[in-house]
Amino acid sequence: MQPTSHRFIDNAHEALHNETLQQALANVRVNFIEKRRIAVEALPEFDDLRKAGRDIRDRVLSDLDTHLLAFEAKVQAQGGQVHWCADAEAARKTVLKICQEAGAKRVTKGKTMIGEEIGINDYLEANHIEPVETDLGEYIIQLRHEAPSHLIAPAVHVTQKQVEETFRKAHRDLDPKRNLEEPSSLLAEAREKLRQRFLSADVGITGANFLVAETGTSVIVTNEGNGDLTQTLPRVHIALASIDKVVPTLDDLTVLLRLLARSATGQEMSVYTTLSTGPRRADDHDGPGAYHVVILDNGRSKLLGTEKQDLLRCIRCGACLNHCPIYHAVGGHAYGWVYGGPIGAALTPALVGLEEAHHLPNASTLCGRCEQVCPMQIPIPNILRHWREEELRRGLAPVAMRRGIGIWAFFAKRPVLYRLATRIGARLLRNFAGKKGRLARVPLAPPVLTQGWTDMRDLPAPSGKTFHALYRQRRTGSS
Amino acid sequence: MTAQSNTVKRPRVALFVTCLVDLFRPTVGFASIKLLEDAGCDVEVPSVQTCCGQPAYNSGDSINAADIARQVIDAFEGYDYVVAPSGSCGGMISKHYPDLLAADKDYADRARKLAAKTFELTQFLVDVRKVDKVTARLDGSVTYHDSCSSLREMGVKAQPRKLLASVGGLTFKELPDGESCCGFGGTFCVKYPEISNRMVEEKTDNIVKTGAGLLLAGDLGCLLNMAGKLKRQGSAVQARHVAEVLAGMTDEPAIGEGER
Amino acid sequence: MSDRDNILASIRNHKRPSGAPVVTPPTPARGQVEGEERRDLFVKMATAAAATIEVVDDPEMIPELVGQYLARHNLPSRLVLASDAMVANLPWADHPMIAHRTGPATGQDHVALTSAFAGIAETGTLALLSGPETPTTLNFLPEHSLILLQASAIRGTYEELWRDLRDATNGGADWPRTVNLITGPSRSADIEQKLLMGAHGPRKLHILLLND
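Chains Y, W and S supply the protein sequences, listed in that same order. The opening residue of the first sequence carries number 1041 in the numbering used here; numbering runs sequentially from there. The opening residue of the second sequence carries number 1014 in the numbering used here; numbering runs sequentially from there. The opening residue of the third sequence carries number 845 in the numbering used here; numbering runs sequentially from there.
Pulled out of the complex, with its shape left as it was, chain Y reads as follows (with noise of 0.2 angstroms):
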């Protein structure tokens, strides 16, 4: 998929003034932050198990070909058979020869953030291979030709009334006199409607929410069972999953599965919880004859080792889209690219480079709430920052910006210099002010930085005298 990360201050401006997305943002907030607060003070030990989570994943992080060695020799003991692809070129590539040997035309789909990032719909479809999503939100945002907007809820930018209109549209073999007033009315008919593609699929693609080496297993995570029909129906079961996604053992899984529900959408446990390992055995009746597993580099590697390497411990829960402010504002499409909200804000740049995706890490007030909700415990504030400084360092940041605090810095470095700047500042400013004690303009200053503040906001006013030159008057009786 195309970034369109370069553009969001036009894509934020966009997003603000779309009635219906701002609709449909307002439940995201309502909705998961409550349920996810409830679902945690029900389980004393989260906070140990973040802990524990967040130490599973870095020892697995400081080893990782190891681990991942380790899941390989598993799986092809099961009769399994996995695929090392660097980038998203090779990952596509890998895919379709897989499902071209399989000789395919219609492919289900399981939700996969992977498939997202490798852009694998739209290079089956040049192929003359139909891929389905399965997924109720995938489902509607592939009618709508619209990519997934939250890691776990990718339709959560769509109301409910543009369900039906897509539905009406896509539809049109249905009595197209029938009520779909009611929620349910529509879920009866999207199940009905891909009921057929399930069965008639030749090859099943999910994601992975993690892979266990203990085993050879892959692991999804859903809640509508549409990832077991997936990769259970059809001839083939292709798993998508980036190199991080790994773990030693099923205790280790463990850990992980408490805090992932609960996490994302305040459930105790996903409804479907399934651990795939090696193709149909012998003896088996149903189950894909063919297992495989895709597992993606694309820039990932590059941050071990790093300060951002504590983004690789991510298990895609969507709690820092849930409680980021900036998300609330602007939903996940104007980040521009397949990861919304803080971790995409942070994961973003590495994956598509800096030029691209330089005003993600800059859109944060750096308020910390991801970082507090983070089951894995990643310190996203400090990784945003470590993406401002490689910018300021490489002369990406914009030139009045950088003159700005560097002016600040030059006389916060000099004290004597800087009182007499902040007392003429001070003046100045109460003199502009008047008696109105605020401005709704500030006059002299660059607008750069100024009209953003006034053009929304007051500001205002300074007394007029600063504390330092106040406390020496009175200390000193002199002024």
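No lab work stands behind these hints, which were simulated from the structure alone. In this text, all values refer to a predicted model and were calculated from it rather than measured experimentally. Ideal Cβ placement from N, Cα and C applies to all residues, glycine included. There's no promise every hint is true.
[To be verified] Derived CB-CB ranges, DEER-like: (1) Asp1218(W) - Val1439(Y): 32 to 42 angstroms; (2) Gln1200(Y) - Arg922(S): 32 to 42 angstroms; (3) Gln1140(Y) - Ser846(S): 16 to 26 angstroms; (4) Gly1329(Y) - Arg1010(S): 32 to 42 angstroms; (5) Arg922(S) - Glu1187(W): 33 to 43 angstroms; (6) Gly1226(W) - Pro861(S): 55 to 65 angstroms; (7) Ile1447(Y) - Val1061(W): 17 to 27 angstroms; (8) Pro1486(Y) - Ile1076(W): 21 to 31 angstroms; (9) Ser1154(W) - Pro1486(Y): 37 to 47 angstroms; (10) Gly1226(W) - Phe1472(Y): 24 to 34 angstroms; (11) Val867(S) - Arg1077(Y): 24 to 34 angstroms.
Fit chains W and S to the given chain Y structure using the hints.
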């Protein structure tokens, strides 16, 4: 060694004024001094202080930020405690200085030591000095905004509420969605003004919903942002720093208000 | 060099040791209960996840209870059965009105009855294994999923489940193609966060809990 004195030594507290208090609202500094002295501290204001370095730090300029941090450490490390009427500056010193100077042989340990004795104002009064009430009076209803750094970096939430509960005549109304950022974020508010505006609008909607006549907070950056928005909206809700109310120093016009 | 070589080389070049301690993660106290308490916890958690549960004291009653279930839900009197010993040895012959067959489920099946390997009281979850006697499609294709669970097979925690599963599969060598951990019936909240049951998997999950 002489016999132990019967008088308890008053701790020497250095006030970290903060650049915003210095420039915009000195009353907050004086109110802080009063509260600290009432709590049995000897307060000094190191005169070389300018800024904690956070604007540079958050803009990715860790070189300048580190220079400023060293300056702050030099000026403040000789005191028993450092107190700031700001969770943002307090957080910068106590949570970020150690990281910032971790690779500096001379300052790494000094940064850690300073961090350990740096506090936000209400946190210091309640948690360290064990103050549980003030003598101030103010008739009216207030609501309180928890700034993000106070909340998440300094662990400040109960402390200001405890002290406000002791202010005679005051009714306290909890702010809905109180843990949401107000949209200030330093340079964020001028780099991404539309998003910042949306955030502060939601904040002022919630403030007005409480029915309170006065908004309080422990960080002047947040207060300038919220007060600026309230005034632009023509709201009658006023804004002050919590120190002003706790110290009973509310004669000066509220933030952004003109002369009476 | 293949992508595999390149990725491994890149990982080896960049990885750094971690200071993370090796500490046994906490197992939630909630699931560390025994006997009746454990069974009651399972029932409570599964019910909270919208499964329905029927306690059965005499396994011979099961076909009758199945018949009642079908009638209650206005379903045609037929279902597809797992062919494990538990299910196969039930007195189906005494209930000729209930048509049944075994094998994997198809798009035509409304109801399936299969056996769970275990329950996990911690979250009210069922563990089902794929196999020639318990095909995975029985858990997903029909709208109504009936699951036979022996009370003695309820583990308290996930750690216990894995321990027992490793034992049962020859240390993992005979690990099945699919392990399903199922907590309640299928659902989706993708339409304006409204919770709707019966997305693609079963609309109803009915547990026949055998008191043994």
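How the hints compare with the structure:
Taking the beta carbon of each, aspartate 1218(W) and valine 1439(Y) are about 36 angstroms apart, inside 32 to 42 angstroms as hinted. Look at glutamine 1200(Y) against arginine 922(S): about 36 angstroms separates their beta carbons, and that is inside 32 to 42 angstroms. Separated by about 20 angstroms at the C-beta atoms, glutamine 1140(Y) and serine 846(S) satisfy the suggested range of 16 to 26 angstroms. Distance hint for glycine 1329(Y) and arginine 1010(S): a CB-CB separation of about 26 angstroms, inconsistent with the stated range 32 to 42 angstroms.
Between arginine 922(S) and glutamate 1187(W) the C-beta distance comes to about 59 angstroms, which lies outside the given range of 33 to 43 angstroms. Distance hint check for glycine 1226(W) and proline 861(S): the Cβ-Cβ separation is about 58 angstroms, which falls inside the suggested range of 55 to 65 angstroms. Judged by the Cβ atoms, the range 17 to 27 angstroms given for isoleucine 1447(Y) and valine 1061(W) holds: they are separated by roughly 19 angstroms. In this structure the supplied range 21 to 31 angstroms holds for proline 1486(Y) paired with isoleucine 1076(W), their Cβ-Cβ distance being about 23 angstroms.
Range check, serine 1154(W) to proline 1486(Y): Cβ separation about 40 angstroms, and the 37 to 47 angstroms hint holds. The hint said 24 to 34 angstroms for the Cβ distance between glycine 1226(W) and phenylalanine 1472(Y), and at roughly 28 angstroms that hint holds. Distance hint check for valine 867(S) and arginine 1077(Y): the Cβ-Cβ separation is about 27 angstroms, which falls inside the suggested range of 24 to 34 angstroms.
The earlier numbered hints that this structure contradicts are 4, 5.
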